[in-house]
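2 protein chains.
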Amino acid sequence: MRLSDLGERALIEEIRKVIDRKHEFIGDDCACLPIGEDYILITTDMVRRKTHIPKVMKARDIGWFVAAVNLSDIAAMGGNPLGLLFSLGLPEDMDSSTVKEIMQGAKKCAERYGIHIIGGDTKEHNELTISGTAVGIVSKDEILLRTGMRESDILAVTDCLGKAGAGYLALRHGIENVSLDGLIHPVPRIEEGRKLSKYATSCMDISDGLASSLYQLMTMNNLGFELNAEKIPISEVAVSVAERLDIDAYTIATDYGGDYELLVTIPPEKFEDAKKEFSKTPLIPIGRVVKENRITIISNGEKKELKNIGYEHFRDVG
Amino acid sequence: MRLSDLGERALIEEIRKVIDRKHEFIGDDCACLPIGEDYILITTDMVRRKTHIPKVMKARDIGWFVAAVNLSDIAAMGGNPLGLLFSLGLPEDMDSSTVKEIMQGAKKCAERYGIHIIGGDTKEHNELTISGTAVGIVSKDEILLRTGMRESDILAVTDCLGKAGAGYLALRHGIENVSLDGLIHPVPRIEEGRKLSKYATSCMDISDGLASSLYQLMTMNNLGFELNAEKIPISEVAVSVAERLDIDAYTIATDYGGDYELLVTIPPEKFEDAKKEFSKTPLIPIGRVVKENRITIISNGEKKELKNIGYEHFRDVG
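Chains A and B are the protein sequences, given in the same order.
Taking my numbering, the leading residue of the first sequence gets 1, the next gets one more, and so forth.
Taking my numbering, the leading residue of the second sequence gets 1, the next gets one more, and so forth.
If you're looking for bench data, these hints aren't it; they were derived computationally from the structure.
Incorrect hints may appear among the rest.
No distinction is drawn between identical chains; accordingly, a pair holds when it is met within one copy or between any pair of copies.
Below, a list of computed lysine-lysine pairs in the DSSO-like style, where the Cα atoms sit at most 30 Å apart [as the list claims (entries may be wrong)]:
(1) Lys270 to Lys198
(2) Lys17 to Lys100
(3) Lys50 to Lys100
(4) Lys275 to Lys198
(5) Lys140 to Lys231
(6) Lys58 to Lys123
(7) Lys291 to Lys50
(8) Lys17 to Lys55
(9) Lys140 to Lys291
(10) Lys108 to Lys123
(11) Lys108 to Lys17
(12) Lys231 to Lys198
Please read all numbers here as calculations on a predicted model, not as lab measurements.
Given only the sequences and the hints, what does the whole structure look like? Please build it.
This is the structure:
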């Protein structure tokens, strides 16, 4: 079957069958290698000019972006980052100053988290293609996994959603005077992941969009969610873009990827303690875990099913 | 400056200045992260359909190849491999069976070394592009580095050279009945690297070709080499292709990359002990380390400079 018919998630399932990994963490944000009392976390993520890098991104933004999306996977598992590697596929007519700027952007992101770029590879490619690898470490008893949530756990996010989606829609519809910062400058929630590792029963980053992420958690945990649309923290930029496009602002938060906030479940009795640890950035409850295998959202007093129309590679947005 | 004018090695120097890594191991085959008594080794290598994958390679060969070239970097540092990750950039019109075959090939290589494919990423790409990441571990006192060689050390390789170069030339010149196994099926020298970690003063893999590798070692160590052309173990396939093309067989071994044998320096007093550990595969002395900062090769009693015409990305083969 052609990949365009199969879709990314079905493909990943096929690959999983081939590699035959009977491993407790398969399907998580990072691969985990047990070393003594710790897990070494490793994750790799490829971006390419045409589909992942909006033209408004400068070379430095690209470097930051690749570093950030990889570090976000370390954050989602409660890890401390250790280093970054970059595999660069570069057009031969690219200027070396552009490559240096890409790496300066990556370095800036690495430094923000107290780590270094420790290695990589350069190759010729007809299209700028960068595969980042992030390495981290987390003690075995503090690791955050996608599985483990329980009925009645509180569902929460680490900050406003819809920042990236609003930027994407602004570019697509030519809406001016909209901040693109959320789209091109994601901030991995490393400190937040570390704090959550004491409280959370499950965690992942929202890179694929809230709805898509919730459906992935539902499948892995065999539990559903009930969300309250009014509680979803919508970024100002999403509210503004939603007004211009005459759509419900919360759908920008649920249907578009790229926000890189953490999506987390916390037992109700621990939630207040967890929240106290969040001062600079918030920890915002948006719903709860339910026994039924479905995801509903209450909006304007009306309860309806949340549709899964987040972005999936090899397939168009639904 | 355009990358095609700058060349790969000058580009890497520029990148190094940007990332400002004052780290003892920068420039080695893997990045090293100290964890307790060990180093975690991490390396990443990107291949793409057009420039790295000869058309004769089947999907399974491609998977093996990407796994092998990454594991070879672990071997070159004396490491034990722990796992492999694959970032797959896949054309949307590719059949999912092709992706499965790629992963089956990768799995076969991983299993050969007792490890698993532990993670990865899939993305759409207009050209098949795979970035592999290998992770390994080595105790701090057993790590093999590119630096450390001393004058009079014996220079040795782990097996015959020219296998990949002969395959490349056979394809380029349409020479039939030549085994392409050395080109498409490299065998990382993991066990050999582990053995050498007790004896070697420096080590790297010969992925870029013997001459190119020696020039890299010369620059890093500020010492030169004297080689004996008659001692360089030339594979049968290289001898056969050299005859057909009427060229010196040893130039196939020196000027073409892709062999993935280990190139190693060993103090003369330790060489016999090291050699005794090699039974299934050989350890073949081909020259020695000299004080002068140049590389000479003695062929037919004549001493001449060994030219550095190994493959460099972004530049044509000289």
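Going down the list of hints, with the structure as the test:
Only within a single protomer do Lys270 and Lys198 lie at most 30 Å apart by alpha-carbon distance; the minimum there is 10 Å, versus 52 Å between protomers. Taking the closest pair of Cα atoms, Lys17 and Lys100 come within 30 Å of each other only across two copies (9 Å); inside a single copy the shortest separation is 40 Å, beyond that limit. For the identical chains of this complex, Lys50 and Lys100 are neighbours both inside a copy (20 Å) and across copies (25 Å), given an alpha-carbon limit of 30 Å. In this homomeric assembly, Lys275 and Lys198 come within 30 Å of each other (Cα to Cα) only inside a single copy, at 12 Å, whereas the closest approach across copies is 53 Å.
For a Cα distance limit of 30 Å, the shortest separation of Lys140 from Lys231 qualifies neither inside one copy, at 33 Å, nor across copies, at 52 Å. Proximity of Lys58 to Lys123 under the C-alpha cut-off of 30 Å is found in both arrangements, the shortest distances being 21 Å within a copy and 22 Å between copies. Taking identical chains as interchangeable, the C-alpha atoms of Lys291 and Lys50 are never at most 30 Å apart, the minima being 41 Å within one chain and 51 Å between chains. With identical chains, the CA atoms of Lys17 and Lys55 are at most 30 Å apart between copies only, with a shortest distance of 27 Å across copies and 37 Å within one.
Proximity of Lys140 to Lys291 under the C-alpha cut-off of 30 Å is restricted to the intra-copy arrangement: shortest distance 28 Å within a copy versus 50 Å between copies. Taking the closest pair of Cα atoms, Lys108 and Lys123 come within 30 Å of each other both inside a single copy (23 Å) and across two copies (26 Å). For the identical chains of this complex, Lys108 and Lys17 are inter-copy neighbours only, at 14 Å across copies versus 39 Å inside a copy, given an alpha-carbon limit of 30 Å. When the C-alpha separation of Lys231 and Lys198 is checked against a cutoff of 30 Å, the pair qualifies only within one copy, where the shortest distance is 24 Å, while the shortest distance between copies is 62 Å.
When held up to the earlier numbered hints, the structure conflicts with 5 and 7 and fits the remainder.
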